[in-house]
Amino acid sequence: MSEVSKEYNFSQVEEKWVQSWDSSIYHFDWDSKKPQYIIDTPPPYPTGDFHIGNALNWCYIDYVARYKRMRGYNVMFPQGWDCHGLPTEVKVEQLNHITKNQVSREEFRRLCEKLTFEAIDRFHLSMGRLGLSIDWSNEYVTMKPEYYVKTQTSFVRMYQNGQIYRANHPVNWCPRCGTAIAFAEVEYDSRTTTLNYMRFSAQDGEMQIATSRPELLPACVAVAVNPDDGRYRKYIGKKVTVPIFNYEVPVLADPVVDTSFGTGIVMICTFGDRQDVRWWMEHHLPLRQAIDRGGLLTAIAGPYAGLDVTQAKNRITQDMINEGIIFKQEPLEQNVGLCWRCKTPIEILSELQWFVKINSEEIKKTAEEIDWVPPHMQVRLKNWADSVEWDWCISRQRIFATPIPVWYCRACGQVLVAREEWLPLDPNQTQPSEKCKCGSIDFVPEQDVLDTWMDSSISALAVAGWPNRKDIRMPTQLRPQGHDIIRTWAFYTILRTKSLEGVKPWDTILVNGMALGEDGHKMSKSLNNFIRPEEVFLTNGADALRQWGAMGGSPGNDIMFQWKEITAASRFQQKLWSIYRFSLPLIAKVDAVPGQVDRWLLGELDSLIMKATSAMDAFQFDETMKAIRGFAWEVLADNYIELVKARLYGPDGPEKRAAQNTLYTALETLSKLMAPFTPFISEEIHHTLTGKSVHVQSWPMPSGTPVDPAGLAIKEIAAALRRYKAEKGMALNSPLPGIVVYSDQALETIDLIGVANSQVDSRTGSPLIEMKPIAIRPQMKIIGPRFKDKSGKIIKALSAMDPVLVAGQKANGSIAVPVDGEIIEVPAEAAEIVVESLSAGEAVDVLRLEKATVLVRR
RNA sequence: AGGCAUAUGGUCGAGUGGUAUAAGACACCUGUUUUACAAAUAGGAAAUCAGUGGUUCGAAUCCACUUAUGCCUACCA
1045 MSEVSKEYNF
1055 SQVEEKWVQS
1065 WDSSIYHFDW
1075 DSKKPQYIID
1085 TPPPYPTGDF
1095 HIGNALNWCY
1105 IDYVARYKRM
1115 RGYNVMFPQG
1125 WDCHGLPTEV
1135 KVEQLNHITK
1145 NQVSREEFRR
1155 LCEKLTFEAI
1165 DRFHLSMGRL
1175 GLSIDWSNEY
1185 VTMKPEYYVK
1195 TQTSFVRMYQ
1205 NGQIYRANHP
1215 VNWCPRCGTA
1225 IAFAEVEYDS
1235 RTTTLNYMRF
1245 SAQDGEMQIA
1255 TSRPELLPAC
1265 VAVAVNPDDG
1275 RYRKYIGKKV
1285 TVPIFNYEVP
1295 VLADPVVDTS
1305 FGTGIVMICT
1315 FGDRQDVRWW
1325 MEHHLPLRQA
1335 IDRGGLLTAI
1345 AGPYAGLDVT
1355 QAKNRITQDM
1365 INEGIIFKQE
1375 PLEQNVGLCW
1385 RCKTPIEILS
1395 ELQWFVKINS
1405 EEIKKTAEEI
1415 DWVPPHMQVR
1425 LKNWADSVEW
1435 DWCISRQRIF
1445 ATPIPVWYCR
1455 ACGQVLVARE
1465 EWLPLDPNQT
1475 QPSEKCKCGS
1485 IDFVPEQDVL
1495 DTWMDSSISA
1505 LAVAGWPNRK
1515 DIRMPTQLRP
1525 QGHDIIRTWA
1535 FYTILRTKSL
1545 EGVKPWDTIL
1555 VNGMALGEDG
1565 HKMSKSLNNF
1575 IRPEEVFLTN
1585 GADALRQWGA
1595 MGGSPGNDIM
1605 FQWKEITAAS
1615 RFQQKLWSIY
1625 RFSLPLIAKV
1635 DAVPGQVDRW
1645 LLGELDSLIM
1655 KATSAMDAFQ
1665 FDETMKAIRG
1675 FAWEVLADNY
1685 IELVKARLYG
1695 PDGPEKRAAQ
1705 NTLYTALETL
1715 SKLMAPFTPF
1725 ISEEIHHTLT
1735 GKSVHVQSWP
1745 MPSGTPVDPA
1755 GLAIKEIAAA
1765 LRRYKAEKGM
1775 ALNSPLPGIV
1785 VYSDQALETI
1795 DLIGVANSQV
1805 DSRTGSPLIE
1815 MKPIAIRPQM
1825 KIIGPRFKDK
1835 SGKIIKALSA
1845 MDPVLVAGQK
1855 ANGSIAVPVD
1865 GEIIEVPAEA
1875 AEIVVESLSA
1885 GEAVDVLRLE
1895 KATVLVRR
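Numbering (this note's numbering), first residue to last: 1045 to 1902.
For the record, the hints were derived by calculation from the structure and aren't laboratory data.
Do not take every clue at face value.
Stated by the list, open to error - Mimicking DSS-like on lysine-lysine, the simulated pairs with C-alpha atoms at most 25 Å apart in a straight line are:
hint: 1; residue 1: K1542; residue 2: K1608
hint: 2; residue 1: K1387; residue 2: K1566
hint: 3; residue 1: K1619; residue 2: K1689
hint: 4; residue 1: K1854; residue 2: K1825
hint: 5; residue 1: K1736; residue 2: K1050
hint: 6; residue 1: K1716; residue 2: K1050
hint: 7; residue 1: K1144; residue 2: K1158
hint: 8; residue 1: K1409; residue 2: K1542
hint: 9; residue 1: K1387; residue 2: K1144
hint: 10; residue 1: K1670; residue 2: K1608
hint: 11; residue 1: K1608; residue 2: K1566
hint: 12; residue 1: K1078; residue 2: K1608
hint: 13; residue 1: K1716; residue 2: K1077
hint: 14; residue 1: K1736; residue 2: K1078
hint: 15; residue 1: K1514; residue 2: K1542
hint: 16; residue 1: K1837; residue 2: K1060
hint: 17; residue 1: K1854; residue 2: K1840
hint: 18; residue 1: K1816; residue 2: K1840
hint: 19; residue 1: K1832; residue 2: K1816
hint: 20; residue 1: K1409; residue 2: K1387
hint: 21; residue 1: K1736; residue 2: K1619
hint: 22; residue 1: K1895; residue 2: K1825
hint: 23; residue 1: K1619; residue 2: K1608
hint: 24; residue 1: K1542; residue 2: K1408
hint: 25; residue 1: K1736; residue 2: K1077
hint: 26; residue 1: K1716; residue 2: K1633
hint: 27; residue 1: K1736; residue 2: K1716
hint: 28; residue 1: K1772; residue 2: K1895
hint: 29; residue 1: K1408; residue 2: K1426
hint: 30; residue 1: K1716; residue 2: K1670
hint: 31; residue 1: K1670; residue 2: K1655
hint: 32; residue 1: K1401; residue 2: K1426
hint: 33; residue 1: K1158; residue 2: K1135
hint: 34; residue 1: K1689; residue 2: K1895
hint: 35; residue 1: K1633; residue 2: K1736
hint: 36; residue 1: K1825; residue 2: K1840
hint: 37; residue 1: K1608; residue 2: K1633
hint: 38; residue 1: K1566; residue 2: K1401
hint: 39; residue 1: K1895; residue 2: K1816
Using the sequences plus the hints, can you model the full thing?
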């Protein structure tokens, strides 16, 4: 055997295996007869860094993938890249000092692709270094035609099924960027604005209305009051006149109106905010669009047309003050919706856009068919589904995204959606190969592109072989993701999979928490609590980081990054390495009959395997790792190895071989159990022992060896003797004058003699020591359910009885307890007797253990 | 403002109805060099389980309310 270094050199070992592993063992086999286990891996947005949060997500996936592989599944752990999106466009503009309109669409797209490919390369490096068992034969890149043909196909099919339509609909609009944006792209900032009190003239008098956006006055389509508000009841159903613009709008009643805000009367405009949209739809109000795509006021704003929002606000406010229409102003703390990119206040405009129909009920129903880990995460999806008010706007006014495969006939305006067999295509570069119904061949291409979620929401379908394979592998088995994107990625994926194939996308969704910094806040550069995985790779290695991911917390809970966890992980690896270093020259894989102590260890190993298996099946990685650490450290190192050292160092013989073989088995099994968590050190150990890779091995099965009670007793005696010596201030290897152990079993003494460095006599039975009952422990579990509300009194009375008397009665099967002058018979199990041993006057120390009594001569 | 979650020793964190030892880790204190490991080992101190009320024979555990924190969503005409 080669030299094993005293210290575990994680970087040498990890780098070695990163270099030499054959990644083809992780490839999914489309022809396999094994049960499939397909993971719908999140496709990250590659512009950015691979941070600790990513690392955590991918660790979770890798634990599962490796475990399932070892359990005999045909596992697919694919990796995709969600490329399209605004951040990349912005970055390209910054890096090249251009705006996207200064170069052609094709050129701009090319620049975005280049940046994205570079970013993907960086991710590849980090992911490899983390030891992820990704199946790179199933990699997908959403910006490549091979992938976006699927996005376009899904668009065409959903259009044909009537699930996609084009319509005028309110959208969030950034006037500066000139594009519709999703709710997720709106951020809020609190600002102080002005609340203006205005007079509207009504048929019977005057209505006073407060608004922070007087410039939307020409977009006013109604005013609303609360039906329960006695002040304004008389106006309901009547008309009022909009000042300055002089047209009449109805007065509506709506319970949502807050009677205590402002005057209790609301001006409904198209559109000031989301509530306006709700009212507009609910009450079927007309549309008066006062702001255009550029953020300028339209012709209906009369004298204010052509002004931008701020100018218009100032002018109209001043005019109304001058005319006495505004009679009061007060400051208002208000959260304003901003474009997250350019911080321009957004407007809600009605635009001709493409939409996907949202059927919340169907999504909720499908969500119920999926196993949520942890279960309460499903509630988040349901709440979101219930709060969705508009259909999903999927068109974006951008460049770097999947093109919408649609043209419009210049002659008659007819919409022409591409045929599936024409895809992939960009309508800006390709003309349709058929005429319009009107006979024209002159088409205008759709310039809008698809929302990025249209790409990523078919990830499950894409990895399962949709749409080309005859045997689409739906549903997939697992969706791992963070809880921050339940409302988007999970929601849209369920929607699309159900729409396109009528099935749920996954059997199980595993939701992991967010990675928090050491200060307990979400990791961010601005808080300076940001840790890069590379930092940990350098200081403690990937295995240590992976252990943190497993130990840090249970699924769904946020997990704090802590260096001390990393340190603890490293220490464990060092401990394991020490065990390995000690064992390697001594162990052997030989046939041998295990002794009592060996059978104890093998029994403990069995229960570790069973514990680890059930915890892994429930995605309880923390439980699994904890059990492994506990076994390796306390059971194996502190007890078993100490016990069998004498045998291992001793002459060859059946006893030595038994220890050699048992230790070998324990190490080999440990390397397998740890392989999903710490692939590097596990591989190093396993490979040295067997010459094979641990990552193609099967998950260990219990050998069926029960814990040998005699072996357990020996282990406890050894621990007691160690404690005894420590308390006496003796060196642990100093001999004792003589030891006699009493037990029900005939205990083997070979290991005890070695570990105590003393003569040991083993006898069956008990020593001549008087055992005196001194206390009674009532058993709540027995008494409670049987005696209910009397339990309290019985316990009190029982505890007060003479322990000697109770011990005698217990031996006879039942105990008579006097309660309130009445005798109640309680079963023998209702009381445990505490006994004290009285020394027989010999010069011995008595160590009383559960399964044995040890006399140590002084 | 709404939804969901969380609250356990100095710190982190298991435990989800059953005994007066509430796991473990880190930190702290004390002993010990024992032919793998002092980043070890043997031991110790340290928690009225956020508060109040309730259900129960019995509550860290279930329920209600309160307080604090986190996340998600919304934000005001």
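Hint by hint, here is what the structure shows:
1. The hinted pair formed by K1542 and K1608 fails the criterion: a straight-line CA distance of about 45 Å is larger than 25 Å.
2. A hinted pair counts as satisfied when its Cα atoms are at most 25 Å apart, and K1387 with K1566 qualifies at roughly 23 Å.
3. Among the hinted pairs, K1619 with K1689 is consistent with the structure: their alpha-carbon atoms are about 17 Å apart, no more than 25 Å.
4. Between K1854 and K1825 the alpha-carbon distance is near 17 Å, which keeps this suggested pair within the 25 Å criterion.
5. Restraint check: the Cα-Cα separation between K1736 and K1050 comes to about 23 Å, which is no more than 25 Å; the hinted pair holds.
6. Of the pairs offered as hints, the one joining K1716 and K1050 holds, with about 23 Å between alpha carbons and a cut-off of 25 Å not exceeded.
7. For the given pair, K1144 sits about 15 Å from K1158 by alpha-carbon distance, which is consistent with the 25 Å threshold.
8. The hinted pair formed by K1409 and K1542 meets the criterion: a straight-line CA distance of about 11 Å does not exceed 25 Å.
9. Pair hint K1387 plus K1144 holds up; C-alpha atoms about 19 Å apart against a cutoff of 25 Å.
10. For a cut-off of 25 Å, the pair hint linking K1670 to K1608 stands: about 16 Å separates their Cα positions.
11. For the suggested pair K1608 and K1566, the alpha carbons sit about 18 Å apart, so the restraint of at most 25 Å is met.
12. At most 25 Å may separate the alpha-carbon atoms for a hinted pair to count; K1078 and K1608 exceed this at roughly 41 Å.
13. For the proposed pair K1716 and K1077, the alpha carbon gap of about 24 Å is at most 25 Å, so the pair holds.
14. The hinted pair formed by K1736 and K1078 meets the criterion: a straight-line CA distance of about 22 Å does not exceed 25 Å.
15. Proximity of K1514 to K1542 is assessed by CA-CA distance (about 18 Å); at most 25 Å being required, the pair is judged to hold.
16. Restraint check for K1837 and K1060: the C-alpha separation of about 69 Å exceeds 25 Å, so the hint is violated.
17. Distance hint between K1854 and K1840 is fulfilled; the C-alpha atoms sit about 17 Å from each other, no more than 25 Å.
18. At roughly 21 Å between alpha-carbon atoms, K1816 and K1840 fall within 25 Å of each other, so this suggested pair holds.
19. A C-alpha spacing of about 31 Å is found between K1832 and K1816, which places the hinted pair above 25 Å, so the restraint is violated.
20. Restraint check: the Cα-Cα separation between K1409 and K1387 comes to about 38 Å, which exceeds 25 Å; the hinted pair is violated.
21. Restraint check for K1736 and K1619: the C-alpha separation of about 23 Å stays at or below 25 Å, so the hint holds.
22. For the suggested pair K1895 and K1825, the alpha carbons sit about 24 Å apart, so the restraint of at most 25 Å is met.
23. Between the alpha carbons of K1619 and K1608 the distance comes to roughly 16 Å, so the proposed pair stays at or under 25 Å and holds.
24. As the CA atoms of K1542 and K1408 are separated by approximately 11 Å, the hinted pair is consistent with the 25 Å bound.
25. Restraint check for K1736 and K1077: satisfied, since their Cα atoms lie roughly 24 Å apart, inside the 25 Å limit.
26. The straight-line distance between the Cα atoms of K1716 and K1633 is roughly 16 Å, inside the 25 Å bound, and the hint therefore holds.
27. With a C-alpha separation of about 12 Å, the suggested pairing of K1736 with K1716 holds against the 25 Å cut-off.
28. Of the pairs offered as hints, the one joining K1772 and K1895 holds, with about 23 Å between alpha carbons and a cut-off of 25 Å not exceeded.
29. About 6 Å separates the Cα atoms of K1408 and K1426, which keeps this hinted pair within 25 Å; it holds.
30. Distance hint between K1716 and K1670 is fulfilled; the C-alpha atoms sit about 15 Å from each other, no more than 25 Å.
31. At roughly 10 Å between alpha-carbon atoms, K1670 and K1655 fall within 25 Å of each other, so this suggested pair holds.
32. For the hint pairing K1401 with K1426, the CA-to-CA distance comes to about 17 Å; that is within 25 Å, so the pair holds.
33. Taking the CA atoms of K1158 and K1135, the gap is about 12 Å. The hint holds against a cut of 25 Å.
34. Our distance criterion of 25 Å between C-alpha atoms is met by K1689 and K1895, whose separation comes to about 23 Å.
35. Taking the CA atoms of K1633 and K1736, the gap is about 15 Å. The hint holds against a cut of 25 Å.
36. For the hint pairing K1825 with K1840, the CA-to-CA distance comes to about 15 Å; that is within 25 Å, so the pair holds.
37. Restraint check for K1608 and K1633: the C-alpha separation of about 37 Å exceeds 25 Å, so the hint is violated.
38. Between K1566 and K1401 the CA atoms are separated by roughly 34 Å; this puts the pair beyond 25 Å, and the hint is violated.
39. With a CA separation close to 18 Å, the supplied pair K1895 and K1816 stays within the 25 Å bound.
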